[in-house]
Every structure is written in structure tokens, then in C-alpha cells.
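Protein chains in written order, with this note's numbering: chain A, 1 to 113; chain B, 1 to 116.
No lab work stands behind these hints, which were simulated from the structure alone.
Fair warning: there could be bad hints in the mix.
[Unchecked claim] Take a look, some chain B residues computed to stay more than 12 Å from chain A by CB distance: (1) Ser9; (2) Thr17; (3) Phe34; (4) Ser43; (5) Glu59; (6) Ala72; (7) Thr78; (8) Thr80; (9) Ser83; (10) Glu104; (11) Ala105; (12) Arg112; (13) Val116.
[As the list claims (entries may be wrong)] Heads up, incomplete: computed chain B residues facing chain A, CB under 7 Å, no partners named: (14) Leu44; (15) Thr49; (16) Gly53; (17) Ile93; (18) Phe107; (19) Gly110.
From the three backbone atoms N, C-alpha and C, an ideal C-beta is built for every residue, glycine too.
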Amino acid sequence: AQSVTQLGSHVSVSEGALVLLRCNYSSSVPPYLFWYVQYPNQGLQLLLKYTTGATLVKGINGFEAEFKKSETSFHLTKPSAHMSDAAEYFCAVSEGRDDKIIFGKGTRLHILP
Amino acid sequence: GAVVSQHPSRVICKSGTSVKIECRSLDFQATTMFWYRQFPKQSLMLMATSNEGSKATYEQGVEKDKFLINHASLTLSTLTVTSAHPEDSSFYICSARRTGMNTEAFFGQGTRLTVV
Numbered sequence: 001a002q003s004v005t006q007l008g009s010h011v012s013v014s015e016g017a018l019v020l021l022r023c024n025y026s027s028s029v030p031p032y033l034f035w036y037v038q039y040p041n042q043g044l045q046l047l048l049k050y051t052t053g054a055t056l057v058k059g060i061n062g063f064e065a066e067f068k069k070s071e072t073s074f075h076l077t078k079p080s081a082h083m084s085d086a087a088e089y090f091c092a093v094s095e096g097r098d099d100k101i102i103f104g105k106g107t108r109l110h111i112l113p
Numbered sequence: 001g002a003v004v005s006q007h008p009s010r011v012i013c014k015s016g017t018s019v020k021i022e023c024r025s026l027d028f029q030a031t032t033m034f035w036y037r038q039f040p041k042q043s044l045m046l047m048a049t050s051n052e053g054s055k056a057t058y059e060q061g062v063e064k065d066k067f068l069i070n071h072a073s074l075t076l077s078t079l080t081v082t083s084a085h086p087e088d089s090s091f092y093i094c095s096a097r098r099t100g101m102n103t104e105a106f107f108g109q110g111t112r113l114t115v116v
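Using the sequences and the accompanying hints, generate a full structural model.
Structure, rendered in C-alpha cells:
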């Protein structure tokens with residue numbers, strides 16, 4: 001069965017600094033990988049996804065992630081943090097187009113002024 | 001983008017009563033919908049996979065008789081929390097995937113259930 005591990009339940013970065021949120025996955029087949037963002041008391045918004053093809057994926061709000069099969073990782077980055085990036089971020093994995101999506105425990109990103 | 005509407009956004013009910021939560025895909029068809037539960041400051045726990053026209057598939061540890069799921073059409077799935085208790089208080093989120101297309105799931109805005 002697939003699983004996701006997010007390192008660091010809380011990450012703090014200064015405004016303008018690099019954002020790096022770590023995600024490692026486990027899957028028995030080539031995975032589909034996702035990053036979602038959640039603001040307080042709201043649903044989830046897709047930031048980006050990897051299915052096949054290019055391993056560097058660009059998403060909304062300046063975020064991107066790179067699929068590294070050898071490291072079973074899908075880390076999320078953003079070159080310059082903005083105050084509005086403060087939220088909960090979830091990495092997720094799916095083993096197929098119609099398969100269920102399994103989430104990591106989430107990482108709360110704090111932006112320091 | 002595709003829109004998933006979840007209703008109600010907040011509900012307070014008395015212990016022992018039942019509560020129904022609706023999840024609708026507004027502009028696409030969804031053969032499969034998923035129901036998640038989220039405890040405060042925690043991740044989303046998959047409760048069940050809702051399949052249109054057939055029985056839902058529940059994850060291990062989720063009580064089928066307590067959390068009734070009905071997926072009567074390609075655009076609507078409902079979750080009914082029966083005989084609710086305070087420990088059922090939580091944030092419930094549904095998601096839907098387009099039938100036969102795309103790999104991402106679109107999420108509803110969630111329902112905050114409080115059982116008093």
C-alpha cells in the first residue's frame with residue numbers, strides 16, 4: 001500500500017527566503033504525486049501534481065516540486081516566501097488514475113516577517 | 001477549474017441525532033468520490049471511497065453502519081453520520097475525481113460537525 005512521510009510538522013522561514021517542504025513516498029507502482037495547500041477551516045487546493053513525463057513540476061503561486069524516483073522524494077520548493085504562503089501543506093500519493101489519494105501528516109509553514 | 005460543493009459548511013447537532021453531508025461535483029461527472037475526516041491540526045484520514053451505483057468501500061476501522069455513504073448519481077455523494085456522539089465532532093471533507101480523466105482530485109470546502 002502507498003504511504004507518504006512529511007518531514008517536519010512545522011517549518012518556519014523568513015519572508016523572502018527559500019521554502020523547502022520535504023516529502024517521501026512509498027508505492028508499489030509508479031506513483032501519482034500531489035501537493036495540496038489548506039488554509040484554516042477550508043478545503044484543499046491543488047498546488048501541483050506529477051503523473052508522468054517531466055520530473056520538475058511547476059505549480060501555482062510560484063511553487064514547484066521535483067520527482068526523484070531514486071530518492072522516492074517529491075519535495076516542494078519556492079524561491080522566495082511570501083506572508084500569504086503561511087498555511088498547512090499536504091503531500092499525497094495515488095497509485096492510479098482512479099485510486100484513492102493518501103495524504104501525509106502535513107507541514108505547517110510559518111512565515112517570519 | 002472543477003468545482004466541488006459541500007453542504008453544509010457547519011452543523012451543530014444533538015447527541016443521538018443523525019446528520020447528512022452532501023458533496024456535489026458542479027461541473028463534471030465523478031464516478032468516484034472520497035470522504036475524509038480531519039481532526040484538529042492533523043492530516044486527512046480517508047474514511048471511504050464512494051462509487052456511483054454501488055456500495056462504498058470503507059477503510060479499516062471505519063464503522064459502515066455509523067457513517068452511511070450513498071452515491072446515487074454521478075454528481076452527488078452523501079455522508080450520513082448516524083446516532084452522532086461528541087467524539088464524532090470533526091472536519092469532514094469530500095473530494096471527487098473526474099470520470100475517466102485527470103488524476104487530481106477536487107475538494108469540497110469541508111463541513112465542521114459539532115455534536116453537543
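Against the structure, the hints:
Under the 12 Å C-beta cut-off, the non-interface status given to Ser9/B relative to chain A is violated; the minimum distance is some 9 Å. Chain A leaves Thr17/B outside its interface by the beta-carbon criterion, the shortest separation being 23 Å against a cut-off of 12 Å. At the 12 Å boundary, the C-beta of Phe34/B falls inside the reach of chain A, the nearest C-beta of that chain being 6 Å off. Distance to chain A contradicts Ser43/B as a non-interface residue, since its nearest Cβ pair spans about 4 Å, not more than 12 Å.
Taking the minimum C-beta to C-beta distance to chain A, about 8 Å, the non-interface status of Glu59/B is violated against the 12 Å cut. Look at Ala72/B: its CB is around 19 Å from the nearest CB on chain A, clear of 12 Å, so calling it non-interface holds up. The Cβ of Thr78/B sits about 17 Å from the closest Cβ of chain A, beyond the 12 Å cut-off, so the non-interface label holds. Taking the minimum C-beta to C-beta distance to chain A, about 20 Å, the non-interface status of Thr80/B holds against the 12 Å cut.
Distance to chain A confirms Ser83/B as a non-interface residue, since its nearest Cβ pair spans about 26 Å, more than 12 Å. At roughly 5 Å, the least C-beta separation between Glu104/B and chain A is not larger than 12 Å, which violates its mark as non-interface. Against the 12 Å criterion, Ala105/B falls within the reach of chain A, whose nearest CB is about 5 Å from its own CB. Some Cβ of chain A comes within 12 Å of the Cβ of Arg112/B; the nearest lies about 7 Å off, and the non-interface call is violated.
A cut-off of 12 Å between C-beta atoms confirms that Val116/B is not in contact with chain A; the least separation is 19 Å. Interface restraint check: Leu44/B against chain A, minimum CB-CB distance 5 Å, threshold 7 Å, status holds. For Thr49/B, the interface hint holds, since its Cβ comes within 7 Å of a Cβ in chain A; the closest pair sits about 6 Å apart. Among the interface hints, the one on Gly53/B is violated; its C-beta lies about 15 Å from the nearest C-beta in chain A, farther than the 7 Å criterion.
Interface restraint check: Ile93/B against chain A, minimum CB-CB distance 6 Å, threshold 7 Å, status holds. Evaluation of the Phe107/B hint against chain A yields a held restraint, the C-beta minimum of about 4 Å falling below 7 Å. With a least beta-carbon distance of about 5 Å to chain A, the hint placing Gly110/B at the interface is held under the 7 Å criterion.
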